[in-house]
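Engineer: Sequence:
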Amino acid sequence: MNLLMLSGDSSVARGQGGAFDQLLRRFSHYWTRIDILCPPAPDAHPRCIYGNVYIHPSPYRYASWQPYFIARYGRKLMRERDYALVVSHDYGVFLNGIGAWLLRKPYVSEIHHVEGYPHAVTFREKIYTFLAKRYIRWVSRRAAAIRVVNETEMPTLLRNLGVAPQKILVLPSQYLDLSVLRPIPEEPKPYDVLFVGRLVSNKGIFTILEALDLVKDSHRHVQLGIRGDGPLFEAVKEKIIELKLQLNVTFIPRADTPEALTRLYNQTFMLVCASTSEGGPRVTVEAMACGVPVISTPVGIMPDIIVTGQNGYLFSGDVYGLAARILILLEDESLRRDIGEAGRQSVQKFEASAMIEQYARGYHNLINTLKS
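Take 1 as the starting number for the sequence shown in the working numbering and just add one per residue.
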C-alpha cells in the first residue's frame, strides 16, 4: 500500500535528522511507498530516504501557496500510482488540510494539538483556537477520520464540536527509545527542579519561577535548571532578578543528542511542566522514562498517564499548588524514588517500535474499513 503524507516538517527535505526522520525510518517498513509533500525551506531538496520514502518540498517561495502545491503536485503523483490514504498534518491555519480536501481522495486529518487549548494566554492563541474550532467543524464533514494523540483532551474537544465518535482515531505519538531514555543512578543531581522547553508564553515558565520563590522561603538553596531558549529569554532573566533568584537558577546549554538529554533528565530530582496548552508534552514522558518524578498541568497526554500521588503529580497551573508539590517531593527522598519508578513503569508502553507499529496498523485498519 502507498501513503501520501502532507507534512509541515521540512527538516528531512533539508537533510536533517530528528524526531520526524526517526519516525519515518520505522514507519516506512509498513508501506510499499510513502510520498511526503512539505513546505518550502532553505536548502530543501527532493530526497529519497530508507529506500521507499520520497520527500517533495514545495518549489514555491511562500508557505501560503501550500494548498495549491498540494493540489497540483499531489494530483500528479496520484496519476502515477494509487494511494490507499492521504494523511494531512493539520496545524496553524490548516493549509495542509485545505490541500488534502482539494485532492478529492479519502484522507485523515491529524490534529495533535490546538494552540491555545485548553487555556489561551495570548491574543494569537485565542485567534488560533478560534480558527481550529472552525476548521474542526469543517473537516469533520470531509475527512474519513481525525487522528488525535491523547485519549482525553482532544477527543473531548472534538466531541464537543460535533465530531462523530467513530471518526475519532486515537493513536498516541510518544515514541520512546527506551534503550537511551533510562535511569542513570550514578549521575550527579545539581538541580532540584528542571524545566526543559521553549521560553514562550504557553510554557508557564513564570509560574515555575514564582513557585520557586515560595519554595525558597524554606529551602534557601533550592536549584532550578532551565534548558531552553526563546522570545521570552530576556523577560525570564528580568523576572529572576526581580524575585532575587539569581543564585537559584541556572541556564543550561542545549543538549543536542538524545544521550545528552537523558543525562540532563537524570541530573534533577524532578521535572516540572506548567504549560497552559501542549501537544505532548514530550519532555515529561521522556523524563518519566528516566525514572524522574514529574509535576505537570493536565495538558496533552498527561491526564491519560499521571495519577496524582501514585506516578506523578498534576496541578491546575496555580503557583501555590506547584510550590506545594515541589516541597512534597523535595522533602521525601523515598517518595521521589517510588514516584519515579512508578512513572517509569507507566510509560513503558510508549516504546518506539511498538507505538509506530500501532500507528501504522491503525491506518491499515482504517483503509480496510473504507474499502468494505
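Hints are not guaranteed to be accurate.
As the list claims (entries may be wrong) - Below, simulated EDC-like cross-link-like pairs (lysine to aspartate or glutamate); rule was C-alpha separation at most 16 Å, straight line:
(1) 349 / 177
(2) 349 / 304
(3) 371 / 82
Note that these hints are calculated values from the structure, not bench results.
Engineer: Indicate, hint by hint, whether the structure satisfies it.
Structural biologist: Outcome of the hint check:
{"no.": "1", "hint": "349 / 177", "in the structure": "holds, 11 Å"}
{"no.": "2", "hint": "349 / 304", "in the structure": "holds, 12 Å"}
{"no.": "3", "hint": "371 / 82", "in the structure": "holds, 14 Å"}
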